[in-house]
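Visitor: Assemble chains B and S onto chain U, guided by the hints.
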Amino acid sequence: MNVIKYISGIFKGIISLWKGLMVTGYYFVHPGEIVTQQYPENRKELKMFDAFKGEVTMPHNENNEHKCTGCGICEMNCPNGSIEIISKSVISEDGKKKRAIDQHIYHLDMCTFCELCIKSCPSKALVWGQEFEHAVYDRSKLTKILNKPGSTLMKGVE
Amino acid sequence: MAFSIYDLTSFNQWVDKGLNSVMSPLWATITEMAIIGVVFLLFYAVVGLFLVYAERKICGFIQCRVGPNRVGPYGIFQTIADFIKLLMKELVPINKADKFLFNLAPFIIIIASMMALAAIPFAKGIHAIDFNIGIFYILAVSSMGVIGILLAGWSSNNKYSLIGAMRSGAQIVSYELSVGLSILTACIMFGSLQLSTIVESQADCWLIFRGHLPAFIAFLIYMIAATAETNRGPFDLAEAESELTAGFHTEYSGIKFAFFFLAEYMNMFLVASIAATIFWGGWMPLHIGHWTGFNMVMDFIPPAVWYLGKTAVIIWLMMWFKWTFPRLRIDQLLTLEWKYLLPINLLNILVMALVVLMGWHF
Amino acid sequence: MTEEILTTPLEQQEYTINMGPQHPSTHGVLRYVVSLKGEIVHKVEPHLGYIHRGIEKMCEKLTYPQIIHLTDRLDYLTAHINNHAVCLAVEGALQVEVPERVVYIRTIMDELNRIASHQLWWCAYGMDLGGLTCFFYGLRDREKILDIFEESCGSRLLHSYYTPGGLMKDINPNFQKRTKEFIKYFRKKLPEYDQLLTGNVIFQERTKGVGPLTKEEAISYGVTGPNGRASGFSCDVRKHHPYAAYDKVDFKEAFYTEGDTFHRYKARIDEMWESMKIIEQLVDNIPEGDYSAKMKAVIKLPEGEYFQRVEAAKGDFGIFIISDGNKTPYRVKFRSPNFCNLSCIDLLSKNFKIADLVAISGSLDLVIPDIDR
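Residue numbers (my numbering), protein chains in the order written: chain U, 1 to 158; chain B, 1001 to 1362; chain S, 2001 to 2373.
So here's chain U without its partners, still in its complex pose (with noise of 0.2 Å):
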């Protein structure tokens, strides 16, 4: 009965082994299994999904204008100081003094991408942008400032 055990253990030890060997046989001979991205080859194919986070933007539209009105809600809501709002006072046309922004600051190297500030924005000024290529060799360089210079209010954003 041992004796029986012990080859019949050993039959089916080879069979197991087999059916393993079958897997892998078949993805060698198989060259089209292969699932591997060349990536810098395909960056002009690579595109991303449309909702991937890869960094916090702010649109302008073509005569430089941006939708933050500077009122720091974003500012508020991170959860981790990625986001520095640096606001000054602009006399508007009527002559009102009103608050606007000088500079929105962003720091990608601190942001965790919980989509806070997008999701909280009252006047959707922040979007997200679709590059993924952040490595920089200057941390500072990680540090952006989202409106562009010069860039003023957009018309009708309150």
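Treat the hints with caution; some may be incorrect.
[As the list claims (entries may be wrong)] With a straight-line Cα cutoff of 20 Å, these simulated PhoX-like cross-link-like pairs (lysine-lysine) come out:
| # | chain 1 | residue 1 | chain 2 | residue 2 |
| --- | --- | --- | --- | --- |
| 1 | S | 2043 | B | 1159 |
| 2 | S | 2188 | S | 2043 |
| 3 | B | 1159 | S | 2037 |
| 4 | U | 19 | S | 2189 |
| 5 | U | 119 | S | 2037 |
| 6 | U | 124 | S | 2037 |
| 7 | S | 2350 | S | 2037 |
| 8 | U | 119 | S | 2169 |
[What the hints assert, rightly or not] Footprint (simulated), chain S over chain U, 3 or more residues, beta carbon under 8 Å:
| # | region |
| --- | --- |
| 9 | 18 to 27 |
| 10 | 51 to 60 |
| 11 | 106 to 116 |
By construction, these hints were calculated from the structure, which means they are not laboratory data. Yeah, the Cβ is synthetic: ideal placement off N, Cα and C, and Gly gets one too.
Guide: Structure of chains B and S alone, referenced to chain U:
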């Protein structure tokens, strides 16, 4: 015979005569040795680099990847770049390591595999030394490598290295038996230990066909035991990177690590070429009975190609095993040897002796 | 000291090795101090704290929506499920009714995340045992799930997708199609896992009978999740305290009584099948509606203590909040499954070999940031 067109014996004799005519016999011998030494060193480096590349490509394809593809076309220069990198790396000195043994260990491993290479018949006429005890010599010399592993593990002053080395000692000492016995099974058929005779006697039919069942079982056992001997595949307990980080060569860096690395691939080449020589007829072309036309065509393929092709197939098999199976545990490894391989092997020798005695072979 | 070593007989000396904090098989910065006698493990002492970030303390300074992105970083492989716990706790405290659509999406996302976590565990486990090819097959299939996540949530690992009251944004229109495609694909690939590893004689020898954990031990050590269920401890929060849409779906609890490494493995493989079944039942029935309930701009929990359990991939994940009525919690405590699962490592691996210690700690599926928090 047809393959005499690829016979290099006359070329060798011509070189020998030429050297003897210009210098004394002693110097001629020394010059010949130097030439062969240089050729083998070159061969060693080329085979080592190629096998590293092949392994990475094969495991890449098995794992749904492409493998190295950056340095040169299809990444063929990848291993050369790696080798240059290893050459330039710092050799980290180890505190309280036994300096002499620590430096000696990689050389012992390299020398062991190098010496075994000398007795391998690559083709007719390309054969450094043709002993009458060729197989015995190869087995004896190649098992010297374990001394290097033990020394490396012992002298590194690292606990992981020591465990790895001790595992390796137990493993190689046990599996040496199976390698020896499975080759012995084959040698019953040949009636000789001389490698040239072994190859010649397979001219009509390779051993694996001629000896049918017992030869096939011996081949299987040899493959398992040889994989274990080279510390590869499912038997890489000595390095077991998920348990012992890198086992016996944890503390080695730079070129000394490269030596271990090269020696591993060279050992794989060695055991594969022994398997090819003994079981698959070495450089002998495939001949089928009386199919004269077929045999003629086969003869036109140079013997070196036959030899390297067979070796490559066996190496590919070993790589396939390595990239499929999980690792054994040390006690299971010894169980496999002492409870399975050894008894089957002994029985197989008996069967083989019976087959030879009764003439049941082809 | 040297004298002592020299005078003690060799058989009585212990050989201590440090596995970690940098070691391939501890899957992170965990350190085992292992006392060996030859190859036999005599004692294992886990040393924690190498990746302690003080998340519980940090939570005390953050508002409830802000806490969510920190829970991503506990057990980073099941970010959705951790987020779910916080959201359920806050919603329970405020007694907010979340839309049905949110409940369905959350359940599907959780199950996808569970499969992804088990896939990564499977490949890492194969690698622990020396089968390096498993690693790539597992990751290849996990990539499909991560693509589904990326399309809807925007990120692949740390999603921060749930908010108290709902979701950050609606799912992508492709979500259902992609999920169904994945299920179809993975139903074909999962048997391959069995062929490659489960049935393999070497694998079975390595795992069967190794590191057995009885039901009593599992309960007294607080071992939950697939590890507890492999020991016969029926502890599936989805079954016993259903949350989200789990009371609407039909699934089996992966249940074994042997409690060894092999059955912990089997329990996870079975869970992948069950998760696929759950997703299939839900994915076509996602009701139309809002993706978030109306919440106040500043969420303040009423004064009191709140506790919420969810079934994470590793086990029973709990969050305990004490609120003093402010917008930030007074105290937050996470009951992380990995911490309890780790606690039994000494019990399990005693008198087994070093290779078994690797197999056992791999089968517990430890994620170190969840242990240290």
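Visitor: Give me the numbers of the hints this structure contradicts, sorted from smallest to largest.
Guide: As far as the earlier hints go, 2, 5 and 6 are violated by this structure, in ascending order.
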